[in-house]
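K.L.:
Sequence:
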Amino acid sequence: MAIITLRRDVSYPTGIFVSGNGERGATYRQSLAGKTVSVVGLAKSGVAAARLIRRLGGRVLASDSSPLEALPEEARGLERLGCTLWAGGHPDAAFAGADLVVVSPGVPLELPALVAVRAREVPIIGELELAWRVMEADVIAITGTNGKTTTTALTGELLRTQVRPVLVGGNIGTPLAEHALEFPGDGIVVAEVSSFQLDAVDRFRPRVGAILNITPDHLDRHGTFEHYLEAKARIFANQTPTDCAVLNADDPVTAGLGGRA
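Residue 193 in my numbering sits at position 193 of the sequence shown, with consecutive numbering throughout.
It should be emphasised that the hints constitute simulated quantities derived from the structure, not laboratory data. Take these hints with a grain of salt, some might be off.
Dumping the calculated SDA-like pairs for lysine to any residue here, alpha-carbon to alpha-carbon at most 20 Å [claimed, not checked]:
#1 Lys35 - Arg80
#2 Lys44 - Leu81
#3 Lys35 - Phe95
#4 Lys35 - Arg118
#5 Lys44 - Thr84
#6 Lys35 - Glu121
#7 Lys44 - Glu79
#8 Lys44 - Glu69
#9 Lys35 - Pro123
#10 Lys35 - Leu81
#11 Lys44 - Arg59
#12 Lys35 - Glu23
#13 Lys35 - Gly97
#14 Lys44 - Gly82
#15 Lys44 - Gly173
#16 Lys35 - Arg55
#17 Lys44 - Glu74
#18 Lys44 - Ser66
#19 Lys44 - Leu56
#20 Lys35 - Ala93
#21 Lys35 - Asp92
#22 Lys44 - Trp86
#23 Lys35 - Arg24
#24 Lys35 - Leu100
#25 Lys44 - Ile124
#26 Lys44 - Gly77
#27 Lys35 - Arg59
#28 Lys35 - Gly57
#29 Lys44 - Ala70
#30 Lys44 - His179
#31 Lys35 - Asp202
#32 Lys44 - Arg55
#33 Lys44 - Glu73
#34 Lys35 - Arg120
Kindly generate the complete structure, drawing on both the sequences and the hints.
P.N.:
This is the structure:
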């Protein structure tokens with residue numbers, strides 16, 4: 001892959017990288033029909049994932065640690081879509097017969113229920129991974145401790161001057177799963193991605209992955225700075241020689257990730 005380290009005092013030519021999409025799109029969408037999928041955590045991402053799976057013909061077992069009255073209306077409304085809903089915890093029944101588990105970003109992967117599922121070798125992925133598999137469009141993924149929301153929004157606005165459709169979403173506020181079925185395959189997705197989301201990726205492969213900067217953050221979730229760094233670096237894990245990794249040369253920690261890209 002191309003590894004580009006950018007400095008503030010240098011101008012660079014513009015360009016966008018495009019090519020094939022791998023194991024994504026129609027084949028994966030069809031594979032979800034008739035499958036049982038547990039969705040863990042029913043904030044925006046979890047609700048979007050549950051709705052997407054139902055639209056694709058999957059059976060949804062949805063659970064959240066909050067009591068029913070504390071859940072947003074969108075989450076409580078999942079039962080009307082045919083989902084089975086548990087509130088106030090994640091009982092064994094919420095994972096019975098699951099072929100796949102989709103976790104929301106706010107759900108730690110060390111949750112006892114997920115540890116038990118992992119022991120049964122049931123795949124666990126996040127909403128970001130699910131949406132990426134369902135979609136066919138190229139993805140530009142942007143992460144970093146600071147500035148990723150602004151950079152994602154600006155990148156989206158710049159790309160909207162081009163001829164291809166553009167979707168801006170992810171951690172910036174709109175779960176990609178909300179638009180995964182409608183967004184055209186010839187478009188470009190600009191996604192803000194957090195370390196929590198990157199914790200739960202598997203095959204996620206952005207055509208362009210960018211890390212802006214890394215300073216200690218979310219150590220209550222990741223435990224150590226090294227684990228936090230590892231989560232951020234997962235943005236590059238599945239990239240190929242035809243993809244592009246963008247690193248900030250002005251940030252020593254970020255620039256040092258060149259060997260992991």
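K.L.:
Next step is simple, just say for each hint if it's right about the structure.
P.N.:
Status of each hint after checking the structure:
1. Pair hint Lys35 plus Arg80 holds up; C-alpha atoms about 19 Å apart against a cutoff of 20 Å.
2. Taking the CA atoms of Lys44 and Leu81, the gap is near 16 Å; set against the 20 Å cutoff, the hint holds.
3. Of the pairs offered as hints, the one joining Lys35 and Phe95 holds, with about 12 Å between alpha carbons and a cut-off of 20 Å not exceeded.
4. Annotation: proposed proximity of Lys35 to Arg118 holds, straight-line Cα distance about 18 Å (limit 20 Å).
5. For the given pair, Lys44 sits about 17 Å from Thr84 by alpha-carbon distance, which is consistent with the 20 Å threshold.
6. A C-alpha spacing of about 16 Å is found between Lys35 and Glu121, which places the hinted pair at or below 20 Å, so the restraint holds.
7. A distance of roughly 16 Å separates the Cα atoms of Lys44 and Glu79; the hinted pair therefore holds under the 20 Å criterion.
8. A C-alpha spacing of about 16 Å is found between Lys44 and Glu69, which places the hinted pair at or below 20 Å, so the restraint holds.
9. For the hint linking Lys35 to Pro123, the alpha-carbon distance of about 13 Å falls within 20 Å, and the restraint holds.
10. Proposed proximity of Lys35 and Leu81 is supported: the alpha carbons are some 16 Å apart, at most 20 Å.
11. Between Lys44 and Arg59 the CA atoms are separated by roughly 19 Å; this keeps the pair inside 20 Å, and the hint holds.
12. A threshold of 20 Å between alpha carbons decides the hint, and for Lys35 with Glu23 the separation of about 18 Å falls inside it, so the pair holds.
13. Distance check on the hinted pair: Lys35 and Gly97 sit about 9 Å apart at the alpha-carbon level, within 20 Å; holds.
14. About 18 Å separates the Cα atoms of Lys44 and Gly82, which keeps this hinted pair within 20 Å; it holds.
15. Proposed proximity of Lys44 and Gly173 is supported: the alpha carbons are some 8 Å apart, at most 20 Å.
16. Simply put, Lys35 and Arg55 have alpha-carbon atoms about 12 Å apart, close enough for the 20 Å limit, and the pair holds.
17. For a cut-off of 20 Å, the pair hint linking Lys44 to Glu74 stands: about 8 Å separates their Cα positions.
18. As the CA atoms of Lys44 and Ser66 are separated by approximately 14 Å, the hinted pair is consistent with the 20 Å bound.
19. Restraint check for Lys44 and Leu56: satisfied, since their Cα atoms lie roughly 19 Å apart, inside the 20 Å limit.
20. Distance check on the hinted pair: Lys35 and Ala93 sit about 16 Å apart at the alpha-carbon level, within 20 Å; holds.
21. Annotation: proposed proximity of Lys35 to Asp92 holds, straight-line Cα distance about 18 Å (limit 20 Å).
22. Between Lys44 and Trp86 the CA atoms are separated by roughly 16 Å; this keeps the pair inside 20 Å, and the hint holds.
23. For the hint linking Lys35 to Arg24, the alpha-carbon distance of about 17 Å falls within 20 Å, and the restraint holds.
24. For the suggested pair Lys35 and Leu100, the alpha carbons sit about 8 Å apart, so the restraint of at most 20 Å is met.
25. Simply put, Lys44 and Ile124 have alpha-carbon atoms about 18 Å apart, close enough for the 20 Å limit, and the pair holds.
26. Among the hinted pairs, Lys44 with Gly77 is consistent with the structure: their alpha-carbon atoms are about 13 Å apart, no more than 20 Å.
27. With a CA separation close to 6 Å, the supplied pair Lys35 and Arg59 stays within the 20 Å bound.
28. Between Lys35 and Gly57 the CA atoms are separated by roughly 8 Å; this keeps the pair inside 20 Å, and the hint holds.
29. For the proposed pair Lys44 and Ala70, the alpha carbon gap of about 14 Å is at most 20 Å, so the pair holds.
30. For the hint linking Lys44 to His179, the alpha-carbon distance of about 13 Å falls within 20 Å, and the restraint holds.
31. A distance of roughly 19 Å separates the Cα atoms of Lys35 and Asp202; the hinted pair therefore holds under the 20 Å criterion.
32. Taking the CA atoms of Lys44 and Arg55, the gap is near 17 Å; set against the 20 Å cutoff, the hint holds.
33. Only pairs whose Cα atoms come within 20 Å are accepted, and Lys44 paired with Glu73 is accepted, the gap being roughly 11 Å.
34. Annotation: proposed proximity of Lys35 to Arg120 holds, straight-line Cα distance about 17 Å (limit 20 Å).
Of the numbered hints given earlier, the model fails none.
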